[in-house]
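Novice: Residues per chain, in single letters:
Number of protein chains: 2
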Amino acid sequence: MPHPTAVRNVLYIMCDQLRRDYLSCYGHRHLHTPNIDRLAAAGVRFSRAYTQGTICGPSRMSAYTGRYVSSHQVAWNGVPLPLDELTLGDYLRPAGIRTALVGKTHATPNQEALQQLAIDPLMAEKLNEVGFEAVARHDGIFPDDPLFADKRESAPYTRYLRDHGFAGDNPWHSWANAAAGENGEILSGWHMRNADLPTRLPEQHSETVYTTERALDFIQAQGEQPWCLHLSYIKPHWPYIAPAPYHALYNASQVQAPIAVQPGNDHPVYAAFRQHQESQNFSREEVRQKVIPTYMGLIKQIDDQLGRLFDVLQSNGRWDDTLIVFTSDHGDFLGDHGLGEKEFLLEPAVGVPLIVRDPRAAADVSRGTVDERLVETIDALPTFLDALGLPSAEHRLEGRSLIPLLHGTASAWRSYAIAEYDYAFQAPARERLGQPIDRCRMTMVRSERWKYLAYDGFRAQLFDLLNDPQELHDLGADPAYADVRETHLGYLFEWLRGLKRRTTISHAEIERRGQWFRYGEPREDSVVKIGVW
Amino acid sequence: MPHPTAVRNVLYIMCDQLRRDYLSCYGHRHLHTPNIDRLAAAGVRFSRAYTQGTICGPSRMSAYTGRYVSSHQVAWNGVPLPLDELTLGDYLRPAGIRTALVGKTHATPNQEALQQLAIDPLMAEKLNEVGFEAVARHDGIFPDDPLFADKRESAPYTRYLRDHGFAGDNPWHSWANAAAGENGEILSGWHMRNADLPTRLPEQHSETVYTTERALDFIQAQGEQPWCLHLSYIKPHWPYIAPAPYHALYNASQVQAPIAVQPGNDHPVYAAFRQHQESQNFSREEVRQKVIPTYMGLIKQIDDQLGRLFDVLQSNGRWDDTLIVFTSDHGDFLGDHGLGEKEFLLEPAVGVPLIVRDPRAAADVSRGTVDERLVETIDALPTFLDALGLPSAEHRLEGRSLIPLLHGTASAWRSYAIAEYDYAFQAPARERLGQPIDRCRMTMVRSERWKYLAYDGFRAQLFDLLNDPQELHDLGADPAYADVRETHLGYLFEWLRGLKRRTTISHAEIERRGQWFRYGEPREDSVVKIGVW
Chain A
1 MPHPTAVRNV
11 LYIMCDQLRR
21 DYLSCYGHRH
31 LHTPNIDRLA
41 AAGVRFSRAY
51 TQGTICGPSR
61 MSAYTGRYVS
71 SHQVAWNGVP
81 LPLDELTLGD
91 YLRPAGIRTA
101 LVGKTHATPN
111 QEALQQLAID
121 PLMAEKLNEV
131 GFEAVARHDG
141 IFPDDPLFAD
151 KRESAPYTRY
161 LRDHGFAGDN
171 PWHSWANAAA
181 GENGEILSGW
191 HMRNADLPTR
201 LPEQHSETVY
211 TTERALDFIQ
221 AQGEQPWCLH
231 LSYIKPHWPY
241 IAPAPYHALY
251 NASQVQAPIA
261 VQPGNDHPVY
271 AAFRQHQESQ
281 NFSREEVRQK
291 VIPTYMGLIK
301 QIDDQLGRLF
311 DVLQSNGRWD
321 DTLIVFTSDH
331 GDFLGDHGLG
341 EKEFLLEPAV
351 GVPLIVRDPR
361 AAADVSRGTV
371 DERLVETIDA
381 LPTFLDALGL
391 PSAEHRLEGR
401 SLIPLLHGTA
411 SAWRSYAIAE
421 YDYAFQAPAR
431 ERLGQPIDRC
441 RMTMVRSERW
451 KYLAYDGFRA
461 QLFDLLNDPQ
471 ELHDLGADPA
481 YADVRETHLG
491 YLFEWLRGLK
501 RRTTISHAEI
511 ERRGQWFRYG
521 EPREDSVVKI
531 GVW
Chain B
1 MPHPTAVRNV
11 LYIMCDQLRR
21 DYLSCYGHRH
31 LHTPNIDRLA
41 AAGVRFSRAY
51 TQGTICGPSR
61 MSAYTGRYVS
71 SHQVAWNGVP
81 LPLDELTLGD
91 YLRPAGIRTA
101 LVGKTHATPN
111 QEALQQLAID
121 PLMAEKLNEV
131 GFEAVARHDG
141 IFPDDPLFAD
151 KRESAPYTRY
161 LRDHGFAGDN
171 PWHSWANAAA
181 GENGEILSGW
191 HMRNADLPTR
201 LPEQHSETVY
211 TTERALDFIQ
221 AQGEQPWCLH
231 LSYIKPHWPY
241 IAPAPYHALY
251 NASQVQAPIA
261 VQPGNDHPVY
271 AAFRQHQESQ
281 NFSREEVRQK
291 VIPTYMGLIK
301 QIDDQLGRLF
311 DVLQSNGRWD
321 DTLIVFTSDH
331 GDFLGDHGLG
341 EKEFLLEPAV
351 GVPLIVRDPR
361 AAADVSRGTV
371 DERLVETIDA
381 LPTFLDALGL
391 PSAEHRLEGR
401 SLIPLLHGTA
411 SAWRSYAIAE
421 YDYAFQAPAR
431 ERLGQPIDRC
441 RMTMVRSERW
451 KYLAYDGFRA
461 QLFDLLNDPQ
471 ELHDLGADPA
481 YADVRETHLG
491 YLFEWLRGLK
501 RRTTISHAEI
511 ERRGQWFRYG
521 EPREDSVVKI
531 GVW
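From first to last, the protein sequence lines stand for chains A and B.
Its first residue numbered 1, the first sequence is counted upward by one per residue in UniProt numbering.
Its first residue numbered 1, the second sequence is counted upward by one per residue in UniProt numbering.
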């Protein structure tokens with residue numbers, strides 16, 4: 001079949017907490033991900049893609065708005081998106097493109113603003129899905145807490161599990177994220193010591209399969225009608241526990257050695273994060289060897305499911321008219337640098353996989369290549385608009401379309417990537433560091449060669465990624481690198497200065513009004529005669 | 001009567017386009033403003049108050065939101081305020097304080113967002129008044145254009161004029177802002193050559209008297225109920241034409257000599273603004289001598305009206321339980337620096353009068369004094385909240401309460417003031433300078449001694465206000481001042497970095513959540529067990 005000339009659909013696949021280097025196309029030696037690799041071979045693999053924030057909410061809101069965290073303001077999980085922010089669906093739906101969600105968004109209702117503006121409840125429900133039509137929202141993570149009871153019970157996946165006979169107060173926990181003990185007791189997946197056990201739930205009902213099925217249902221029901229689908233897997237995010245056989249595909253011998261903590265690398269913020277429980281636990285080899293094989297298994301399961309999905313797309317024609325993007329919201333330290341989780345701006349957390357396949361002939365020039373340019377999570381939305389031939393919104397969008405990179409038509413490109421993290425919400429770190437609530441920001445400026453990490457109230461860190469790709473040697477206090485730091489502080493200023501702060505009026509409208517008034521030029525037909533004699 | 005211990009009401013008086021130095025308490029030699037001076041003698045006069053933007057919309061939205069222009073995004077007149085922005089009334093109304101408007105706001109409906117969010121029309125009407133209850137909105141300026149016909153006809157002042165027998169298509173123009181020719185023809189106030197003629201409308205029906213009357217009506221009707229009134233005069237804003245006798249109170253001999261253009265002061269942006277028609281016209285002595293006496297008359301009329309108002313407040317008890325603020329949204333070049341209008345960040349435009357009277361005994365220590373500290377238009381809202389004993393909103397508000405300055409309890413204060421202007425909307429300047437629409441910003445950083453003006457794409461300007469208060473000598477290219485410029489560029493960075501970008505969640509809520517989760521500390525009772533073994 002000849003390559004088409006137009007993109008009609010968008011498939012935006014996102015994993016949660018998937019490290020860039022845990023895919024075989026990105027170099028993992030033991031974890032083979034042939035289906036994701038198949039996508040890379042058919043598109044472009046970006047080797048230096050960065051997320052704008054290393055936890056779910058900030059990163060995802062950047063993906064959906066095309067804007068940096070400082071612009072959309074969702075500095076942490078659970079922070080509401082301002083109602084004025086437009087998201088993916090707001091841009092695509094007016095063009096007749098159904099914009100659906102299967103899986104996770106981590107969007108938080110902006111209750112205060114909804115009440116303040118007396119928004120209609122039906123409209124409010126729509127706004128709570130940040131622009132998506134929630135075909136099957138599944139944010140995962142339903143703790144055994146009364147606070148979550150309503151949300152848990154109304155979740156489609158809970159209903160699915162109950163419909164399939166998996167009972168209990170919290171089947172998400174007791175079946176999908178717990179193992180069975182020798183005497184039938186429930187061993188929680190929250191405890192990493194249980195990571196090597198299989199879930200009580202059979203694989204066919206697991207979160208990853210359930211999510212894939214809902215995506216297939218949607219795509220098949222959609223037929224020839226155009227669509228944008230955000231297929232957003234909760235995995236390999238914790239709880240680190242996998243269904244059989246994925247719980248046992250890998251073993252401790254296949255676990256990569258951790259990036260070690262360097263003596264003398266004692267930046268106060270870094271040191272504070274290493275005190276966290278997850279950092280302390282992931283610094284133990286026992287923990288890594290138990291958890292990481294399961295983390296690998298969870299990724300392998302996603303790859304298998306994507307294989308099924310890609311097969312369908314290749315058989316029903318959608319492979320040829322769909323722009324496919326595969327990425328992750330952020331990584332996972334897994335003990336590297338003495339850290340667990342992802343709340344620090346080093347590569348294991350801030351680097352994400354990003355693979356883009358444009359089916360059009362114009363993209364043949366780049367098919368199967370690796371692109372080293374600095375790309376960002378905020379580039380997804382502008383890329384979709386460009387691929388679909390829809391107008392951009394340069395007064396709001398801070399990302400850039402990747403299409404010129406795919407088509408070999410890009411001239412200049414950005415010279416640094418930005419990521420942000422705000423530990424105001426991390427009471428332990430904030431209190432240890434003695435910082436006030438509005439002075440807990442870290443900002444990454446990653447240029448071609450360097451990574452500069454700026455902190456409120458503490459000196460910056462600097463890493464030479466050319467000669468020190470593992471970020472072992474902090475040059476932030478070394479007088480020999482003062483000029484490099486100054487240059488990057490300059491970039492930080494330039495970036496801050498360049499954030500879009502005039503979002504309620506388009507450039508075209510400014511141009512129109514400028515011509516209309518032409519204040520200051522003699523025009524006798526002007527109705528507002530300012531300064532005329 | 002003893003001084004009260006509590007402030008119950010707020011009277012927020014704003015003039016439009018009133019220069020700081022056109023009041024006798026600020027040093028004008030010929031224009032006597034005894035009533036405004038009376039307020040200054042009873043309160044504190046701030047000698048270095050700055051507006052955040054030198055045109056109406058940006059400045060006023062800063063006043064009503066307590067936030068810098070870059071935060072509220074209203075970069076120019078007619079740019080809609082994001083619906084998420086909270087304004088004065090949103091803060092005061094929940095405390096049972098009626099928050100009313102008489103006069104001008106220059107607020108622009110955010111139609112796109114209202115539609116996007118499907119806001120109820122009644123709610124939308126309320127939102128269009130940026131948080132005020134519009135007792136009598138009067139934005140002035142109704143040109144003879146079909147575009148303004150609806151707005152003009154529905155305006156309360158138009159109805160008022162018609163009710164009093166002043167007929168015609170546009171009585172605002174033909175009566176309140178035009179003079180009669182020798183043969184009865186209408187001579188438009190838009191043409192500055194008519195500035196020395198009296199308006200066709202008798203003074204008792206003029207905009208300034210009408211506005212004062214509506215304020216008196218409101219205050220008297222309110223009785224003992226608490227209130228906040230924004231009394232917002234459109235004058236002395238153009239059209240520069242005054243009712244008798246104010247058209248003839250001053251003469252050319254009382255016009256101050258202009259601040260002359262300095263040879264060699266050829267910064268490209270400054271040079272471009274001097275090309276504007278209003279700049280060219282105001283550079284002619286003939287124009288200044290015709291216009292400025294009338295500008296003075298319009299101010300004198302406001303002072304007389306404020307005298308009536310203050311007399312009422314002193315007789316009905318409100319003088320003793322009302323916080324009174326008098327200010328202006330921006331100044332007017334009137335030919336200084338070879339400029340007309342106000343679209344440049346030099347003192348005649350960016351400096352505003354600011355007088356604050358706190359009736360409480362605690363303010364006696366400062367009564368009648370002049371305060372030289374750097375204060376800003378955004379300080380008004382936090383001052384009101386403080387005076388009324390209402391909670392602040394430190395996650396949104398960027399201004400600071402002035403109450404500690406009035407009570408003599410302030411310790412540290414800000415070390416620089418910020419103002420912004422965006423000439424993207426000024427097609428002539430933008431095109432002359434060849435700047436793209438998103439690179440037309442000028443930002444003022446005014447420290448104790450210096451004024452630093454940063455420009456997109458052009459070198460900064462620097463003025464030594466200690467030794468050169470008229471801003472005659474631009475030190476922006478002088479190598480001897482490189483360190484001063486660097487320091488101020490540092491302030492600009494610090495300011496940008498400090499803008500509030502986490503407005504949808506309060507500090508208290510962040511604190512609460514931080515304690516709730518305490519990620520990273522061993523807590524067996526935590527329902528979300530992140531990183532536990």
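If you are wondering where the hints come from, they were derived from the structure by calculation, not from laboratory data.
Please note: incorrect hints may appear among the correct ones.
When chains are identical, the list treats them as one kind, so a pair holds in a single copy or across two.
In silico lysine-lysine, DSS-like type, Cα no more than 30 angstroms apart, as pairs [to be verified]:
no.	residue 1	residue 2
1	Lys126	Lys500
2	Lys529	Lys151
3	Lys126	Lys290
Novice: Is it within a copy, between copies, both, or neither that the alpha carbon of Lys126 lies no farther than 30 angstroms from that of Lys290?
Specialist: neither (41 angstroms within a copy, 59 angstroms between copies)
Novice: Within a copy, between copies, both or neither: where do Lys126 and Lys500 come within 30 angstroms Cα-Cα?
Specialist: both (25 angstroms within a copy, 27 angstroms between copies)
Novice: How would you label the pair Lys529, Lys151 (within, between, both, or neither) given a Cα cut-off of 30 angstroms?
Specialist: between (59 angstroms within a copy, 19 angstroms between copies)
When the structure is compared with the earlier hints, a violation turns up for hint 3 alone.
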